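What follows is the residue order along each chain.
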Amino acid sequence: MSEKNSSVLPTQSKQTTVPIDWSYAEAPESISHVTFNKSYGLFINGSFTEYNENQSFESTNPANGECLYRCTEASESDVDAAVKAARTAFEGVWGNYSGTQRSHYLYRIARLLQERAREFAVLESMDGGKPIRESRDIDIPLAAAYFFYYAGWADKLSYAFPGKTPKPLGVCAQIIPWNFPLLMLAWKIAPALACGNTVVLKPAETTSLTALKFCELLQDVGLPDGVVNIVTGAAKTGEYLVQHPDIDKIAFTGSTEVGKVIQRSIAERQLPSTFELGGKGAFILFDDAALNEAVEGIVNAIFFNQGHVCCAGSRLLVQEGVAEKVIDLLKKRMQHLIVGDPLDKNTDIGAINSKEQLETIQRYVKTGIQEGATCFECSSSLPTSGYYFPPTILTGVSQSSSVVQEEIFGPVLTIQTFRTTDEAIEKANNTPYGLANGIWTDKGSKIFYVGSKLKSGVVWSNTYNKFDPTSPFGGYKESGKGREGGLSGLHAYVKLDNNGGVY
Amino acid sequence: MANEQTNHPTSQATTMNSIPKTYKNYINGEFPRTESGRYYSVEALDGKHIANVGLSSKKDVRNAVQAARKAQATWAQKTAYNRGQIMYRIAEILSGRREQFINEMILLGYSQEAAELEINACIELIVYFAGWTDKIDQVFGSVNPVASDHFNFSRHEPVGVVGIISPETPSLLGMLGLLLPNMVAGNSQVIIASKQFPLPTCTFAEVLATSDVPAGTVNIITGLKSELIPPISQHMDVDVLVGDVSLDTEFRVLCEVESASNMKRVYFWESFISLDELNSSPNETISTCVHSLKDPYHILHVQEVKTTWHPISE
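Here the protein sequences line up with chains A and B, keeping their order. One point on numbering: in our numbering, the residue at position 270 of the first sequence is 270, and numbering is uninterrupted. One point on numbering: in our numbering, the residue at position 309 of the second sequence is 309, and numbering is uninterrupted.
In case anyone wonders, no lab produced these hints; they're calculated from the structure. Note that the structure is a prediction, hence the values are computed from the model and not measured. Each residue gets a CB set at the ideal place from its N, CA and C atoms; glycine is no exception. A few of these clues could be false.
Unchecked claim - Some chain B residues close to chain A (C-beta under 10 Å, calculated; not the full set): (1) Glu157; (2) Lys225; (3) Asp239; (4) Val257; (5) Asn262; (6) Val266; (7) Asp295; (8) Pro296; (9) Tyr297; (10) Thr308; (11) Ser313.
Pulled out of the complex, with its shape left as it was, chain B reads as follows:
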């Protein structure tokens, strides 16, 4: 009986040692409810109610973008070493709360093995990207031997504010695959969480909040893609959209079309694994996914190359 309760921490509370959590948005380092006052019910595979999650609106997108814009310079101006340490700390904190995530994933229909493998992969991926913060310019930057008296160099800078459209599954790994290169890049972001499996992403906000990530660097909102993709792709203060190739064609085209309004950069990466695949061959699918995501070129896509001509004279 006691064992069952630990496995279902968010099911109906009958005793004081298990209080279900209210899942909320994460904007500017705080946990506000959606401005819309609406919600949807997240259910276990057997249809049992697990939690109510906010159906965020255009106004939440606006607030989140505003917070992201305000935070972007703060995040980008931290030293590369510092950003690397903060990202590494995210892995430390996540590692310490491993069980909580595994439990949430199991509630959503993951097998024990798939949940464990995914969370391990998440931790591995965060550590991997944390190490890139102070290496990206060493590997991909350049000093350019121009034919004049100038010290000419190119380095990678953040693009700015990014809209991240998470794949539905893998519920946490898919989101992190999109988030981490952007954090290395120095961008700030607004994440639209998985609709069907939002809980791990919502809980990840608690990890961010306790990892010295400056408020507003990462913002998370929950809701329907059909309601959130239009405002984020039309927003004139969003510079990049990233998503997963599993996104419906209709939404992908919408992203591309609307992004022309301010020449947003739009990228779709590949990390989708269906729940069935996750459960039937967790080892193979997750290791393939991690291999695909461990790619520093993803960082380059969400950066701008800035070339400076510096004079040389007596």
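Pulled out of the complex, with its shape left as it was, chain A reads as follows:
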């Protein structure tokens, strides 16, 4: 078209060859409407304890590396107080409430979250480094949706368990990660409360802010004291919580390594437990797929939330015939990704959550290259302060490469090729993980065939990283045990008068 135009209008064409600047103007989200404290105590029995400077830690804004606020590190006695509060609330109040009563509180939580969505989104991005577009459009709306969904289950539980009378477990100890702070809180608290349990939840030490702000919201809702308790801290606090003799259930989301430590540590207790652990999802791209759409899918699969996603599609398996073309398209697309200020609405890739995580990613890429991989990085400029890592692809890797087998938890994609469908399935299943996989093809029957053979709890086809409160999520193999979300998600929070089984 342009050639034709230039021949028709040669003079005009010459006059308009001024290069166009396609760069975006800055579009930062305002932070003027959000407030938070410089220091926080623990949320126990409906109110905040006094902040304890001698027993505190700081949480930084990863976009600039500066301290954002300080938290109290919950000690063994703090955790004990939280568990006691939860126990009292369970036995005295919440455990005796009708499903209808519980549902009313949960609906209100969902509503207040929707009302304060913007505020929570900004805080989430400041505290964790994720692009405001994601916290605004995904994290916070989904967190509200999970509360709304499980609110509706609270008075309908008998329909969820045919032939049984479900009963709450009691006090649930819940430990969540830093990649989706408020959303993971919602995944944990909403079904637990719907089923009549009370909780003690520990947010990750780098992202406690939205959990603490959530406590303010609970006070507004008027949730009875002790039903939800939030204890901030790091591994030590988590250990106090897991080891507490008076908890009835453990729900953990985090690394496979820590999951195994927890499983070993509770071996003697026959404690109901659910684990949401690591992953190494394959994105299987067949040659009949719409390639441009598939490339958008790949970008979403691995670069969403800086790749800090347990179910990330971190391994691209592309059919040989289209591999070259796909890699070429992907590289071109990557050049348009904007790495930058998480609060800027144009930002595609925000800040890496912490200095430690940045170092882990750097180490993995270095190992990949040492093991023979070829590295390509997006050339977007990186902010000078804070923790950032450019979207990266590694080609020339083999199935046994550490970057193919191990979870990197960053914006790093490995690329392998395959010839036959069965080879793709074999490669996809050949890691210790089994959380999620993706299939990209134009053929519906192939989706069902490949999907039925993939060993993972989630199979996305012609999409990736989609979440919904009605849709169960969780892993096979070393990616965890149990499901969160949907009907299956209720299972983790009830005791069934099962004709004698123990689990």
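Starting from the known structure of chain A, arrange chain B on it as the hints suggest.
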């Protein structure tokens, strides 16, 4: 005299119409002896020798797991209808060999009534679970109304290879309570038989072998729990361990600790009835046990929920 011989088919053979059986492992549809070359003596309550049974080793566990892994997809990929029919056939064959099992149980110290009631309960339980193969996803699966253009559904799939640690008694019913939900689930398994009362489980292998159950779907090994639980709970290609709550605390903890190596799912169910209880109140104990075992939620524990997002577009 003739009557006595029918009741003691495995006692010392003096006439040609009663030949004692050699009890062996059941791996990959075959009856190999243990690789260890060792045995222990199974005795009647009065101390009389009944049979030598293999003291299996780590190597037998390995062979059995390998066979189970190889067979798992074959079993799981059969249609639900087909799996239901095969399981129903197990009940048919077992029913036809009822007397043989009753005799073995009596040899081990069961009363006639307890033995009869237990075998009846076994047949009933197999028929019960056979009927679940094509219903589990209808009752417990779901189509999920997600807020996007996707047909989203969750169904139950097998976990994979299961290690089954049988309770000591009830000798056959206890083992079946653990095995049957796993067969419905589409898993393949390695069963560690009861140490004190292994004969009914060993003989059950003959029922499996003649019921169209694909070789390797169910594997049975005999021996000491102290020698077999460590290798099976440490095995990286075993996905689930199930046992009975009567298992010694020491072994239960071992199962949980070792299972962390590859995040095995570990479940303990309740079916134990002591021999004394079986003999003193067979009716009550066995019917309670069957009631406890007839629970489809046991199947769900040994399955994985897989959720698929299927696109909807023009």
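Handout entry: asparagine 262(B) as an interface hint toward chain A, with CB separation required under 10 Å
Key = holds (6 Å)
Problem - Interface hint status, glutamate 157(B) versus chain A (Cβ within 10 Å) - result: holds (8 Å)
Handout entry: Interface hint for valine 266(B), Cβ within 10 Å of any Cβ on chain A
Key = holds (9 Å)
Handout entry: chain A contact restraint on valine 257(B) - CB to CB distance below 10 Å
Key = holds (4 Å)
Handout entry: Hint validity - lysine 225(B) Cβ closer than 10 Å to any chain A Cβ
Key = With a minimum Cβ separation of about 17 Å from chain A (threshold 10 Å), the hint on lysine 225(B) is violated.
Exercise for the section: Let me know if the C-beta of threonine 308(B) comes in closer than 10 Å to any C-beta of chain A, holds or violated. Expected result: holds (4 Å)
Handout entry: Closest C-beta approach of tyrosine 297(B) to chain A relative to 10 Å, hint status
Key = holds (5 Å)
Problem - Supplied contact hint for proline 296(B), tested at 10 Å Cβ to chain A - result: At 8 Å from the nearest chain A Cβ, proline 296(B) passes the 10 Å test, so the hint holds.
Handout entry: Evaluation of the interface hint that places aspartate 295(B) against chain A, nearest CB under 10 Å
Key = holds (5 Å)
Problem - Supplied contact hint for aspartate 239(B), tested at 10 Å Cβ to chain A - result: holds (7 Å)
Problem - Hint status (Cβ of serine 313(B) to nearest Cβ of chain A, threshold 10 Å) - result: With a minimum Cβ separation of about 8 Å from chain A (threshold 10 Å), the hint on serine 313(B) holds.
The earlier numbered hint that this structure contradicts is number 2, and it is the only one.
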